[in-house]
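Visitor: Start from the sequences, fold in the hints, and give me the full structure.
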Amino acid sequence: PNSRMVQATFDDANPATVANWNYPGGAWDPSRNTEEFVQALPSYRARGLLAVTLNFQGGGPKPGQFSADQAWDNSAFDAAGNLKPAYLARMDRAIKALDANGMVAIVGYFYFGQVHRLSSAGASETDDPAVLNAVDQATDWLVSQNYRNVLVEIANESDNGYYSHPMIRPPAVRTLIERVRSRSNGRLLVSTSFTGGYDVPDAVLNAADFILIHGNNLNASQLTSYIRAVRSRTDKPIVINEDSASIENFKAATAERVSWGYYDQGANDHVNGFQSPPINWAINTPAKMAFFDQIAAYTGAGAPRTTGLTLINADTNLPLEIPGTSSAAITDNTTIDLGALPTRNLSIRAEASAAASVRFDYDATAALSVQNTPPFALAGHKEGAYNPWTPVPGPHVLTAAPYSEPAAGGTLGEAVTVRFRVVDSAGVSRDVGDVAPGRPGLSPAR
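So in this note's numbering the end of the sequence shown lands on 765, straight run, no missing numbers.
Worth flagging that the hints you see were computed from the coordinates, not collected in a lab.
Each hint should be verified, as a subset may be incorrect.
As the list claims (entries may be wrong) - Lysine to aspartate or glutamate pairs mimicking EDC-like chemistry, simulated, CA-CA at most 20 Å apart: (1) Lys-415 - Glu-355; (2) Lys-403 - Asp-348; (3) Lys-701 - Asp-634; (4) Lys-555 - Glu-567; (5) Lys-381 - Asp-583; (6) Lys-701 - Asp-656; (7) Lys-570 - Asp-612; (8) Lys-555 - Glu-497; (9) Lys-555 - Asp-521; (10) Lys-415 - Glu-702; (11) Lys-381 - Asp-588; (12) Lys-415 - Asp-459; (13) Lys-570 - Asp-588; (14) Lys-415 - Glu-354; (15) Lys-403 - Glu-354; (16) Lys-701 - Asp-418; (17) Lys-701 - Asp-411; (18) Lys-555 - Asp-528; (19) Lys-701 - Glu-354; (20) Lys-555 - Glu-575; (21) Lys-701 - Glu-355; (22) Lys-555 - Asp-518; (23) Lys-403 - Asp-455; (24) Lys-403 - Asp-459; (25) Lys-381 - Asp-348; (26) Lys-570 - Asp-583.
Guide: Rendered as structure tokens:
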């Protein structure tokens, strides 16, 4: 399953409308919005969510206001199609955080309510300088970042009549699909989405790497029929990346083995929905809970559980086999000889399932660290690169306790406690303490 969360990178460059998105008791803050989205990802992944739709032009932030010339300015592109650095920084933060959580980003380029901000000079079905520049810049940037978790959606509902640029609408949008594939040397898988029930043109079925459709305004029976009609014309994967909050539609799509996209508009109240800023990214309403509970029911996510502890080489970010054993697993009575290891830059990773955070208790220090993003490592990590840590010789006790929510919140699951010993046959002296720089009880590795 997937969820439409295109406002994870939202901002409004129009000073006349930016106050629409103020937080209760505070001004709108795009960095806060993106960071709160990032912090919520572990709780989504713990329940089984696999993908999120983002967009360089967002989506409709006001319920019921889906016109072609929306006044707010939420576009990563200027009029010529050049990318804006601040928007890119938020997009990069979101995509990398998704990757760290083992999740895919479906990245859209255009939204019909913001595309009017691109110059229409010279726009036709066969040529459009601003659109082509935007496509090329977005594609080049995605490739340059070396992401491995990105799918491309040229436009949200490209059949929408509000698109003022003919090249974005079908069947001409095929040329943009082919352009992204060619420009990325096949690195990026590309498609474009269509409104619920729309008859996808053969040109797009043939050009796209996967088929993106929406289920808005369709009931479960109609959605099933629509999926079957599309499938009768192609053997390519079908993804619904926008529908509604209907659990019946979710079940219908899943029964057809199609990834289904949760779409929860909200009400600009910092409580409901995932699309109307200011957004509360927590799983905090009955609608959100119903969606994530249904995912958990499908995936068998269940209660969080720690299944083991793994010694990590922080130089290579790979498991490190413990001398005298045949694995990197740390179990009761394991002895770790620092002098026999290829490095003293180490970490310990908790192997946890259905967990949004893990609390580490080390020796006499309770909650020595609480990690909110996988890999759940004792000394933490930065975008998957483990922070180095070196234990002092002697006996140690480590407990890794998994939780269903970030910051050691929600339900406490099944923890693992291991008693192990550290020795140093090389005789290198160590300060007493632990290892993550700047953290009490962890002394920096040297």
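Visitor: Keeping to a limit of 20 Å between CA atoms, is the pair of Lys-570 and Asp-583 held or broken?
Guide: Holds. Lys-570 to Asp-583 sits at ~17 Å (cutoff 20 Å).
Visitor: Given the proposed pairing of Lys-403 with Asp-459, does the C-alpha separation stay at or below 20 Å?
Guide: Between Lys-403 and Asp-459 the Cα gap is close to 14 Å, so the pair holds against 20 Å.
Visitor: Please verify whether Lys-415 and Glu-702 have alpha carbons no more than 20 Å apart.
Guide: OK: Lys-415 and Glu-702 at ~7 Å, within 20 Å.
Visitor: Between Lys-381 and Asp-588, does the CA-CA distance stay at or below 20 Å?
Guide: At roughly 11 Å apart (the allowed maximum being 20 Å), Asp-588 and Lys-381 satisfy the hint.
Visitor: Within 20 Å, alpha carbon to alpha carbon, are Lys-555 and Asp-518?
Guide: Holds - the C-alpha atoms of Asp-518 and Lys-555 are around 16 Å apart, at most 20 Å.
Visitor: Compare the distance between the alpha carbons of Lys-415 and Glu-355 with 20 Å, and conclude whether the hinted pair is satisfied.
Guide: Holds - the C-alpha atoms of Glu-355 and Lys-415 are around 14 Å apart, at most 20 Å.
Visitor: Given the hint that Lys-701 pairs with Asp-411, does the C-alpha gap stay at or below 20 Å?
Guide: Holds. Lys-701 to Asp-411 sits at ~14 Å (cutoff 20 Å).
Visitor: Take a quick look at whether Lys-701 and Asp-656 sit within 20 Å of each other, Cα to Cα.
Guide: violated (26 Å)
Visitor: Holds or violated: are the alpha carbons of Lys-403 and Glu-354 at most 20 Å from each other?
Guide: With a Cα-Cα distance of about 19 Å, the restraint between Lys-403 and Glu-354 holds, given a limit of 20 Å.
Visitor: Lys-381 and Asp-583 were given as a pair; does the straight-line alpha-carbon distance stay at or below 20 Å?
Guide: holds (12 Å)
Visitor: Is Lys-701 within 20 Å of Asp-418, Cα to Cα?
Guide: Status holds; Cα separation ~12 Å.
Visitor: Is the hinted pair Lys-555 and Glu-575 satisfied, with a Cα-Cα distance of at most 20 Å?
Guide: Holds: Lys-555 and Glu-575 sit about 14 Å apart, inside 20 Å.
Checked against the numbered hints given earlier, this structure breaks hints 4, 6 and 13; the rest are met.
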